[in-house]
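Asks: Sequence:
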Amino acid sequence: MKIWFAASVAQSSCGGVSRSMMQFGRYLRNAGMQVEIIFASKKGDNYLKFSLSLALRLLKNLADPPDWIIARSSDSVFCAVLIRIFSLKTRIALHNHGWEEKVYQTEKRLPKRIITNPTGWKAQLVRFPLLKANLFLSDICICGTIEEARWIAARYRSSVGKLKVIPNGIEVPRKPYWPLQENFPLNLLSIGGFTWKKNLEYSLQLFRKVLGERHDSRLILVGTGKITEEKRQLLDFPGNSLTIIEKESPENMFRWYETCPFLISSSRYEGGRAFGILEAMARGCVVFATGIPSTKEIIRDKQNGILLTGTGPESDVSAILKLYENIEQIKRIGVSAWKYAKRNRIERQVKRMARVLQE
Numbered sequence: 001m002k003i004w005f006a007a008s009v010a011q012s013s014c015g016g017v018s019r020s021m022m023q024f025g026r027y028l029r030n031a032g033m034q035v036e037i038i039f040a041s042k043k044g045d046n047y048l049k050f051s052l053s054l055a056l057r058l059l060k061n062l063a064d065p066p067d068w069i070i071a072r073s074s075d076s077v078f079c080a081v082l083i084r085i086f087s088l089k090t091r092i093a094l095h096n097h098g099w100e101e102k103v104y105q106t107e108k109r110l111p112k113r114i115i116t117n118p119t120g121w122k123a124q125l126v127r128f129p130l131l132k133a134n135l136f137l138s139d140i141c142i143c144g145t146i147e148e149a150r151w152i153a154a155r156y157r158s159s160v161g162k163l164k165v166i167p168n169g170i171e172v173p174r175k176p177y178w179p180l181q182e183n184f185p186l187n188l189l190s191i192g193g194f195t196w197k198k199n200l201e202y203s204l205q206l207f208r209k210v211l212g213e214r215h216d217s218r219l220i221l222v223g224t225g226k227i228t229e230e231k232r233q234l235l236d237f238p239g240n241s242l243t244i245i246e247k248e249s250p251e252n253m254f255r256w257y258e259t260c261p262f263l264i265s266s267s268r269y270e271g272g273r274a275f276g277i278l279e280a281m282a283r284g285c286v287v288f289a290t291g292i293p294s295t296k297e298i299i300r301d302k303q304n305g306i307l308l309t310g311t312g313p314e315s316d317v318s319a320i321l322k323l324y325e326n327i328e329q330i331k332r333i334g335v336s337a338w339k340y341a342k343r344n345r346i347e348r349q350v351k352r353m354a355r356v357l358q359e
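Using this note's numbering, the first residue of the sequence shown is number 1, and each one after it goes up by one.
Hints are computed from structural coordinates only; laboratory data are not their basis.
We treat Cβ as the ideally placed atom computed from N, Cα and C, and that holds for glycine.
It is possible that some hints are incorrect.
Ranges of calculated distance between the beta carbons of each label pair, as one might list FRET restraints [as the list claims (entries may be wrong)]:
(1) 230 with 313: 20 to 26 Å
(2) 226 with 255: 35 to 41 Å
(3) 61 with 339: 40 to 46 Å
(4) 326 with 258: 20 to 26 Å
(5) 117 with 157: 29 to 35 Å
(6) 109 with 314: 43 to 49 Å
(7) 209 with 125: 22 to 28 Å
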């Protein structure tokens with residue numbers, strides 16, 4: 001089977017879309033499939049240019065087209081048109097890493113001042129119609145969460161038969177790291193940058209209060225990207241209580257999961273089950289996360305993690321400090337987190353993907 005994975009993101013990106021394509025591509029290749037992964041140029045193309053370039057690539061390969069094109073959002077819409085025109089054997093899988101219309105609905109519920117990179121009129125006039133056209137023309141639509149699939153099904157009832165839920169997959173160690181330890185430094189890990197979706201400001205707000213109660217606490221921010229002067233004023237913490245890693249490769253993240261027994265995620269929106277949360281759980285970390293729909297598919301409060309309100313700093317800080325004092329609960333939650341992470345191991349998700357592609 002010949003497969004193209006495609007998305008208009010740069011190959012150097014450490015984001016979830018790039019990671020998902022690379023992981024699925026590598027494991028499907030190991031399973032004997034012929035896989036090509038297609039990224040945008042180094043600087044990154046706009047989505048329209050990338051969609052056209054992917055269609056041009058398909059035109060050049062009419063004599064030997066792929067069996068499947070698995071592409072994000074509207075990236076494969078012009079390929080889908082060509083497939084209809086030339087009656088090609090190629091099938092299209094729309095790989096949904098976060099439905100843009102749903103993201104826009106979330107944006108509208110929030111104050112405009114906190115929205116970074118807001119959805120503009122061009123997206124509403126061009127990208128949304130292309131996305132809907134691609135859903136109509138695609139053979140299947142792969143979603144990373146149950147909730148996202150339900151949202152699409154409710155909005156576009158004709159798509160119900162196309163929807164497949166295949167969450168992100170991770171590599172899980174044979175044993176959880178933290179439940180086997182005796183010492184638990186009060187190190188909190190946060191992954192991601194200053195976007196309205198990640199809501200890093202709230203994590204910093206919580207940590208400032210935690211640090212006021214426990215001076216031995218430490219926060220490590222990984223993957224923040226380049227920090228603007230405007231945001232630097234939020235990072236004024238005493239001594240070495242705050243560490244900032246602007247960019248880290250996914251392959252090196254394990255050292256941070258084994259430095260921090262706790263992960264904090266204040267996200268307002270995730271288009272899939274977050275890699276960072278799943279990987280932290282795989283090490284037996286305790287995850288403190290806001291109770292957004294995608295996170296609730298992963299976290300069972302006080303069983304394999306702790307759900308935060310995301311709006312009540314006092315109660316959220318209290319939940320963090322309370323757990324700090326209970327080593328046995330930390331270990332118990334860590335073991336449960338690791339067991340749940342095994343259900344999301346990459347080998348299992350690849351089998352799901354292969355089964356769907358062979359139907």
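Asks: Taking the hints in turn, state whether each one holds.
Replies: Hints and how they fare:
no. : hint                     : result
1   : 230 with 313: 20 to 26 Å : holds (21 Å)
2   : 226 with 255: 35 to 41 Å : violated (22 Å)
3   : 61 with 339: 40 to 46 Å  : holds (44 Å)
4   : 326 with 258: 20 to 26 Å : holds (21 Å)
5   : 117 with 157: 29 to 35 Å : holds (31 Å)
6   : 109 with 314: 43 to 49 Å : violated (23 Å)
7   : 209 with 125: 22 to 28 Å : violated (44 Å)
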